[in-house]
Amino acid sequence: MRDLKKHLWSSLMMAITILVMPFTLFAAEEPVKFVAITAIVEHPALDNVRKGVEDELKDNGYIVGKNLKLQYQSAQGSSANASQIAKQFVSNKPDVIVGIGTPSSQALAATTKTIPIVFTAVTDPVIAKLTPSWEASKTNVTGVSDALSLDTQIDMMMKIKPDLKTIGYIYSPGEVNSTIVLKQLEEILTPKGIKIIAAPAQRTAEIPTAAKSLKGKVDLIYTTTDNNVVSAYESLVKVANESKIPLVASDPDSAPRGAIAALGMSYYNLGRQAGKIVIRILNGEAPGDIPPQVGNTTELVINTKAAERQGVVLSDEILSMAAEVVDK
Amino acid sequence: MSFEFFLGSLEIGLIYALVSLGVYISFRLLDFPDLTADGSFPLGGAICGLCLYIGVDPWIATIFGTLGGCIAGMITGWLYVKLNILQLLSSIIVMIALYSVNLRILGLAPYIMGETSRMAGSPNLPLLGAETIFSPFINASYTNQYIVQPMMVLVFVIVCWLLLNRFLSTQKGLALRATGTNARMAKSQGIPTGSTIILGMAISNGLIALGGALFVQTQGGADITIGVGTIVIGLASIIIGESIFPAKRMWVITLSVIFGSIIYRLFIAVALGNELLQNIGIGTEDLNLITAILVVLALVLPKQVKKLLYKRGKAV
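The listed protein sequences derive, respectively, from chains P and C. Mind the numbering: the first sequence is residues 71 to 398 in the working numbering, read in order. Mind the numbering: the second sequence is residues 40 to 355 in the working numbering, read in order.
Honestly, the hints are just simulated from the structure, not real lab data. One should not assume that every hint holds.
[As the list claims (entries may be wrong)] Partial pick of chain C residues on the chain P-facing surface, computed with a CB cut under 8 angstroms:
#	residue
1	Tyr55
2	Gly160
3	Pro162
4	Phe195
5	Gly212
6	Leu213
7	Ala217
8	Thr220
9	Asn221
10	Arg304
11	Gly312
All C-beta atoms, glycine included, are put in the ideal place defined by N, C-alpha and C.
Using the sequences provided together with the hints, build the complete structure.
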């Protein structure tokens with residue numbers, strides 16, 4: 071009996087700590103607007119999206135602590151956390167919620183039908199069922215897709231390697247955006263007589279192996295904005311340099327890290343574009359009246375040192391197209 | 040913590056309570072270190088998602104998801120019992136294989152529906168707008184969602200808990216417990232330990248897959264990443280439960296496992312919702328660390344409080 075009593079006591083203490091801790095902190099401050107941002111995982115590209123959203127808000131007079139309350143949560147790669155964050159945000163009733171990445175945006179859309187949701191870094195919101203079409207959705211969901219025009223990507227590859235016959239594609243089979251791009255690449259390249267060899271890497275540690283498996287089989291390696299690949303880009307660069315395979319990326323940040331060329335969307339600008347939608351909603355527009363957009367700023371970054379290392383001579387034409395040339 | 044957020048965390052805790060119950064059967068009752076969970080949780084979700092996507096009745100879809108988990112568990116048990124592969128290794132083999140299987144299952148749905156011409160795997164199957172077991176009870180504006188979903192999951196948990204307790208006191212259930220405690224003795228008493236282990240693994244992973252099937256229906260999509268860390272969450276929940284409510288009777292132990300899972304989710308809720316932490320510069324990147332510290336506290340505090348009370352009692 072005594073034991074039971076002690077036991078109840080200790081459990082009670084635990085329960086009190088858990089319940090009271092968050093309450094004590096919900097004090098004061100009367101912000102005008104409340105924006106909540108969630109990302110499925112933290113890595114440079116997604117962090118840049120977030121930064122873009124925040125800077126766009128700031129430049130438009132929404133200052134944190136003055137007339138804006140900003141909340142940010144990352145799910146640390148766990149879907150259970152993503153789901154819990156979605157529930158937390160919805161219960162806090164912000165004016166707009168920004169979802170970065172497909173699973174986070176889906177969790178938000180499954181939790182609320184009333185609070186405006188702005189998704190970003192989702193390649194195809196229609197396939198992801200976030201919006202029924204590319205028209206204004208008439209629901210609480212809109213946003214910016216990071217889909218790239220693959221035709222311009224392929225044109226750039228042809229400029230780097232005019233006799234292009236085979237492309238190697240390193241990606242994670244666990245990322246929906248990467249598999250969509252693979253599917254679309256195959257559809258575009260097959261009629262052109264160009265083959266694509268896909269080398270899946272489930273974990274970042276498998277990327278060098280995947281790259282080595284392409285040695286002697288491909289004319290160049292193309293990478294999309296795959297979270298795994300982007301976060302371990304250096305390991306890929308090392309293999310490309312050693313085996314003299316040109317490396318082409320679709321994320322401008324990858325060029326300074328060792329890709330010969332990267333034609334893509336700056337994720338920071340993508341965030342800016344999403345931020346513009348957030349502001350339109352804060353100013354009273356309904357999310358259902360704003361059609362989902364595709365990121366509209368692409369830029370070409372060339373790395374001349376990388377070209378040298380990977381045995382490619384760049385034409386003046388492509389050099390003149392570059393928005394930025396790095397040599398390191 | 041607002042009431043809505045509390046209920047939301049409760050809902051996820053209850054879903055993962057099914058996982059903890061499953062993990063409890065393999066780890067504690069059978070003494071089988073089973074990592075299949077990381078594959079069977081998304082397997083349940085993937086099968087259920089596939090069925091929902093092609094328009095199967097959501098209740099049947101949930102059952103199919105559960106059965107998928109049972110089969111995965113049976114395979115793990117079979118690899119160990121019949122092929123004599125190490126327990127840990129056989130579960131890892133099944134877990135790895137399930138990753139590819141899950142990609143295939145998730146990719147199958149759009150192919151069946153004729154939305155894509157290629158039968159390729161996919162890491163994400165959207166279920167937004169699909170008919171789920173919850174949708175008939177949720178109003179158009181989703182305002183009652185935060186109360187309907189946890190209540191329905193609670194019913195699932197109670198039913199599974201009752202059935203499990205019932206089962207564990209049958210002859211088969213007792214045989215299962217004996218096998219886990221001392222396989223050699225159990226065998227000498229005439230218990231077919233091999234088939235008992237396979238049965239136990241089937242029930243264990245069936246429960247885990249049921250959790251996965253319910254999870255995807257609340258999540259708006261089945262994603263390959265939902266499996267990451269399932270086993271860790273399950274184990275942490277068991278240990279928290281056992282540490283806070285130590286007990287000897289089977290029905291109390293299983294109940295404590297359920298509470299453990301809910302408490303684990305409340306820890307995460309605290310870590311997420313705590314603005315003081317955020318104001319002093321601690322962000323979500325520290326989420327796992329905060330959770331780890333809170334789990335350690337949960338493990339240590341009850342014992343320390345007990346000790347303190349004991350000492351005081353002695354002094355008086």
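Q) Tell me, which hint numbers fail for this structure? A) Violated hints (numbers, rising): 4, 5, 6, 7, 8 and 9; every other hint is consistent with the structure.
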